[in-house]
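Going down the list, the sequences are from chains A and B.
Using the working numbering, the letters of the first sequence map in sequence onto residues 228 to 340.
Using the working numbering, the letters of the second sequence map in sequence onto residues 1027 to 1259.
Hints listed in this document are in silico derivations from the structure and should not be mistaken for laboratory results.
Even glycine gets a Cβ: it sits at the ideal position worked out from N, Cα and C.
Any given hint could be a false lead.
A few chain B residues that don't get close to chain A, going by computed Cβ distances all over 12 Å [said to hold, decoys possible]: (1) VAL1052; (2) VAL1061; (3) ARG1066; (4) ARG1071; (5) ALA1073; (6) LEU1075; (7) VAL1125; (8) ALA1128; (9) MET1161; (10) LEU1164; (11) VAL1192; (12) ALA1212.
Short derived list, chain A residues pointing at chain B, Cβ under 8 Å [as the list claims (entries may be wrong)]: (13) SER229; (14) ARG235; (15) LEU246; (16) SER260; (17) GLN282; (18) VAL305; (19) GLY306; (20) GLY307; (21) PHE311; (22) VAL314; (23) ALA315; (24) ALA322.
Computed footprint of chain B on chain A, listed as stretches where at least three residues anywhere in the stretch have a Cβ under 8 Å from a Cβ of chain B [to be verified]: (25) 247 to 257; (26) 288 to 299.
Chain by chain, the residues:
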Amino acid sequence: MSTATTNRRYAGFLGAFLLVALLLAGGASYLASSSPDGLDAVTQTGCSETDAGLQGQCIAQNAGEHPAAGSPFADYAVGGDEAFTGVAGVIGVIATLAVAGALFWLLRRRSGP
Amino acid sequence: MTTELVGMHMSDGIVNAPVSLGFGVVAILGLAVCVARARRDLDDRTAPLAGLVAAFVFAVQMLNFPVLPGVSGHLLGGALTAILVGPYVGALCVAIVLVLQALLFADGGLSALGTNITNMALIGTFVGFAVAVAMRPLARRSRAGLLLTAFVAAWVNTVVASMGFVVEYALGGQGLALGTVFGLMAGFHALIGIGEGIITALTVGAVAAVRPDLVYLLRGQRSELTLRTAAVR
């Protein structure tokens, strides 16, 4: 197998990997459960949710407003609209790939002279 | 404060400032070691794969699955990344996901980044990798062995990472009896770990089916020996 073929196959594998990530974040994310996760469920134990906020006594009452709550993508929505969760997901996948890919490319051992 | 909680991770204020700061130092020191050691595991071929693994973890962390009425869980990704790209690169993958989630998506607090990175990126990844290494002979023997290794490593990484929170809560949290926090965290994450195990086994199994040479856990000493022999010739 020539190097060119090997490289093309590897690029194909990486492309398929990216496609799966984009489909999960952009599509399957709409099917995700909206119940609190294990940690949030524990921190909310003892409280009930009301329109006025958490009532009762629980760990989550110690939590402050998130400093990035005003971010356009806060809570995986776009401008507060959860109809765009998939868009937020795709942006997140691309941002993660950009940051992680750049860091790992810079850190890598350079091959050959 | 919003009661709409889409996701995951500790918010600011769940543990007090000194404990948050302390674990911030732990996280920075741990990640510094990972950066130094990750170089060895990154080259022209594995660096792009590692970037994609991080992006994949971000995507899958969005997919909360129900575990009990009113309680969900999501992938943490420690064992998954460690098995595919090694523990040092893997911990960096999870940490990058956590930082971007906090900064872009207001998911997980900023002062809580230290505790979240310690639990999910450091404890989860290295514990998951230790289990996977212990089971490596089984993983090399057969496909079923590899899937079982991925499942068990992921289950343990989830439960032990959740115990990280219990320790942090014991040191600097309040609002619920410690025994209750321990019992609920262990119980919920024993269930969430099953989902983490299935997702990890499916992902590792899929990569191993097409490119077993890219699975870090399966490489190890044998391929190093082969490379050395080839270099001598």
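Hint check:
The claim that VAL1052/B is not at the interface with chain A holds, since no C-beta of that chain comes within 12 Å of its own (minimum 19 Å). Against chain A, the non-interface label of VAL1061/B is violated: not every CB pair exceeds 12 Å, the least being about 7 Å. Its closest Cβ contact with chain A, about 7 Å, brings ARG1066/B to no more than 12 Å, contrary to its assignment away from the interface. The Cβ of ARG1071/B sits about 7 Å from the closest Cβ of chain A, inside the 12 Å cut-off, so the non-interface label is violated.
For ALA1073/B, the requirement that its beta carbon stay farther than 12 Å from each beta carbon of chain A is not met, with the minimum near 4 Å. Residue placement check: LEU1075/B does not keep its beta carbon more than 12 Å from all beta carbons of chain A (closest about 7 Å). With a cut of 12 Å on Cβ distances, VAL1125/B falls inside the contact zone with chain A, its closest approach being about 8 Å. Against chain A, the non-interface label of ALA1128/B is violated: not every CB pair exceeds 12 Å, the least being about 7 Å.
Interface exclusion of MET1161/B from chain A stands, the closest Cβ pair being 24 Å apart, more than 12 Å. Here LEU1164/B stays apart from chain A, with its beta-carbon at least about 26 Å from theirs, past the 12 Å limit. The Cβ of VAL1192/B does not lie farther than 12 Å from every Cβ of chain A; its closest approach is about 9 Å, which violates its non-interface assignment. Interface exclusion of ALA1212/B from chain A breaks down, the closest Cβ pair being 10 Å apart, not more than 12 Å.
The beta carbon of SER229/A comes no nearer than 16 Å to any beta carbon in chain B, farther than 8 Å, and the hint placing it at the interface is violated. Against a cut-off of 8 Å between C-beta atoms, the interface hint on ARG235/A is violated, since the closest Cβ of chain B lies about 14 Å away. The criterion of a C-beta within 8 Å of any C-beta in chain B is not met by LEU246/A, whose closest approach is roughly 10 Å, and the hint is violated. Hint status for SER260/A relative to chain B: holds, with the closest Cβ pair at about 4 Å, below 8 Å.
Checking GLN282/A against chain B by beta carbon gives a least distance of about 10 Å; that is not within 8 Å, so the hint is violated. Restraint check, VAL305/A versus chain B: the minimum CB separation of about 11 Å is more than 8 Å; hint violated. Interface restraint check: GLY306/A against chain B, minimum CB-CB distance 13 Å, threshold 8 Å, status violated. This hint is violated: GLY307/A has a C-beta 10 Å from the nearest C-beta of chain B, more than the 8 Å allowed.
Interface hint at PHE311/A: violated, since its Cβ lies 12 Å from the closest Cβ of chain B, which is beyond the 8 Å cut-off. Because the closest C-beta pair between VAL314/A and chain B is about 12 Å apart, greater than 8 Å, the hint is violated. Interface hint status for ALA315/A: upheld, as the beta-carbon distance to the closest one in chain B is roughly 7 Å, under 8 Å. About 6 Å separates the beta-carbon of ALA322/A from the nearest beta-carbon of chain B, less than 8 Å, and the hint is met.
For the region 247 to 257 of chain A, the assignment as covered by chain B holds, since 7 residues bring a beta-carbon within under 8 Å of that chain's beta-carbons and 3 suffice. Coverage of a stretch by a chain is defined here by at least three residues with a beta carbon nearer than 8 Å to that chain's beta carbons; for the region 288 to 299 of chain A and chain B the count is 10, and the condition holds.
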